[in-house]
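Single-letter residue listing:
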Amino acid sequence: MYRMRLPPWLVLLMPAFVILLAVVAIPLVLSLYSSFTAFQLTRPETITKWIGTFNYQKAMGDANFWAAFGRTVLLLTVALNLEMLLGLGLALMVAKVTRGQRLLRTMMMFPMMFSPILVGFQFKFIFNDNVGLLNNALQSLGLTDVAIPWLVDGNLAFIAIVTAEVWTSTSVFAILILAGLFAIPQDPVEAARVDGCTPWQTFRYVTLPFLMPFIYIAMAIRSLDVARAYDIVQVMTAGGPARRTELLWTLIGRTGYVDARMGYANAMGYIAILLSIVFTVYFFRKLTTARTSLGMGD
Amino acid sequence: MADVVLRNVVKNYGAVPVVHAINLDIAHGEFVVLVGPSGCGKSTTLRMIAGLEAISGGTVQIGERVVNDLPPRDRNISMVFQNYALYPHMSVRENLGFSLHIAKRSRADIEKAVAEAAEILSLTPLLDRKPGQLSGGQRQRVAMGRAIVRHPDVFLFDEPLSNLDAKLRTQMRVEIKRLHQKVGTTIIYVTHDQIEAMTLADRIVIMRDGHIVQIGTPLDVFERPVNAFVATFIGSPPMNLLPATVTGGALRLSDGTPIPLPPGLSAREGQAVHFGVRADNIMPEGHAMPPTAHMTHVEMPVTLTEPLGTETLLFGTLSGTEVQAKMLNPRPVRTGEVLRFGIALDKCHLFDAETGASLRV
Ligand SMILES: Nc1ncnc2c1ncn2[C@@H]1O[C@H](COP(=O)(O)OP(=O)(O)O)[C@@H](O)[C@H]1O
Ligand SMILES: [Mg+2]
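So the sequence lines, in the order shown, correspond to chains H and P.
Residue numbering for the first sequence follows my numbering, starting at 2 and increasing by one per position.
Residue numbering for the second sequence follows my numbering, starting at 2 and increasing by one per position.
Among the hints, erroneous ones may be present.
[To be verified] Here are some of the chain H residues that sit facing chain P, going by a computed Cβ distance under 7 Å:
(1) Asp188
(2) Glu191
(3) Ala192
(4) Val195
(5) Asp196
(6) Cys198
(7) Pro210
(8) Ser294
(9) Leu295
(10) Gly296
[Claimed, not checked] What follows is a list of derived Cβ distance ranges for each label pair:
(11) Thr107(H) x Ala28(P): 47 to 57 Å
(12) Glu65(P) x Ala96(H): 31 to 41 Å
(13) Met108(H) x His21(P): 33 to 43 Å
(14) Val17(P) x Ile149(H): 52 to 62 Å
(15) Ala96(H) x His21(P): 25 to 35 Å
(16) Gly58(P) x Ile222(H): 41 to 51 Å
(17) Leu169(P) x Asp188(H): 12 to 22 Å
(18) Ser116(H) x Val17(P): 44 to 54 Å
Honestly, the hints are just simulated from the structure, not real lab data.
Even glycine gets a Cβ: it sits at the ideal position worked out from N, Cα and C.
Put together the whole structure using the sequences plus the hints.
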């Protein structure tokens, strides 16, 4: 009887190949293919209706798409910078604490332990214009007597969303930067003090360069996170009212599942993924440069 | 340049004292070496002078000023660390110029000072490299360069050579001595290596367990150790110490071997002592030991020989204790051979067996 003789390495790798194929390759190919069709969820037969690059061209010319794209980039920029600054400050303070630091570090992680959906609901309640905590507080303190439409006005809603994002994820920066602070060799810091540096100069010229790789790692992680932001925004505003807080993935989600235009949604999804890739590549480049300059590279 | 004065300086870590009220006067331009076994508080002392460690008690004075409460940047000192402590993200040039940059000196000034320091330490071809691209010896020189560009009042060195291989260490030792002769700045240098201390210092400060045991010139501490600890710590090979008792105006080693009392020493009848003799002062007969009126002789079997080229170390056993002796113009010696050794008594020491204190008067 003839037996197939596969090389052992191939046999050993086969389970991995099969799983990868099933959960990654096939969905990827299928969704990529469907982005070139007029596929609608409600009419499955449309998946065979090839329309070439029509969906992509449509996205390119779609003002709503570009508005969501721009808003996502803006959210990414604002949230990441705020988180970086707050995380850095938090890490520097926690690093100074000697008693109860372990407890503080754990507490710092709390926001990350909540489901983003719940965080969304929480902030939706806080920012609610009628019964929300924030307006109540402002009014009780006599700072205002109007109900500020936090989640209705486009700019205010953006601020509310940024607040929720920052609240959940500042600890990503704080934890990574804290790890960086613990890893900094003390010698150069002391050398800087002897060389005449004030505490600020020591931080600026020695500590910060050592922290940069850690900051870039956090940036890379968080840029991926924010570029696919969906849950918090979906719960808080669902991209509304009237698309004022629409982000890429709330738009894509709605197009795919509410409007059932899955082919078009997939096309926008592929363009959106480019954004993630660009940011990831950018921050990894920065990371490599920072590491090389510290002599940690290669 | 400035003198440095330590008055009853104390350091406690929590309730644990690690430096006990030490006093030290270092003259302007002097090269002082703090030496002692690992953990005796040398670095802590140096770091208190630098301002990197808070002073728990007493005063540290640099020049005219008490600097206890001044941060390092206001003390006008520079320091060379054991692990070089270079800034890894800066080039050699930037490392050297950093302190001047912080001091807001003009670009031309900085360039000139950096070029000068680089020239002195032969770093000129390396100026554009990062510390990661340098060998240990080169990093060491950058660390020294960074210290000298500023023309500080005092240089502080904390075991700067301990990470280098033996050959480089000898070479850098000479460089440091030459540097001191050239710039003449006060240097306080910490090491656990007594050879470094002996070769570099104007004065040696020997520390143990947070106390200063003895201060003196290298010859002082070598020839007149105040106690058995200094005697065995300074000098290589370490001084031989033989337990003995003073009986009838002479010494009797523990196996009964009689040895006349060395001159210039005060010992009570019946006192338990350690008889100290360096290898240089116990040699086989006929081996060119400088003649002296105070010779005595012992017989000792040789258990091991260690030829060093110009001389040979002989290990023997005397009264149950291992003794190292020296043989100049060497000849082959068989193990187990019993030789007659001459001891130059006027170069010998007595230490109280209990306190270790020298009985020299
Ligand atoms: N931060 C610290 N906390 C507690 N003990 C310390 C600290 N630093 C040093 N010591 C102790 O102080 C003593 C002196 O240390 P050090 O000055 O570094 O010795 P060395 O003479 O080897 O340089 C040692 O016993 C060491 O364990
Ligand atoms: Mg030390």
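Go through the numbered hints given earlier and state which of them the structure violates, listing their numbers in rising order.
No hint contradicted; all consistent.
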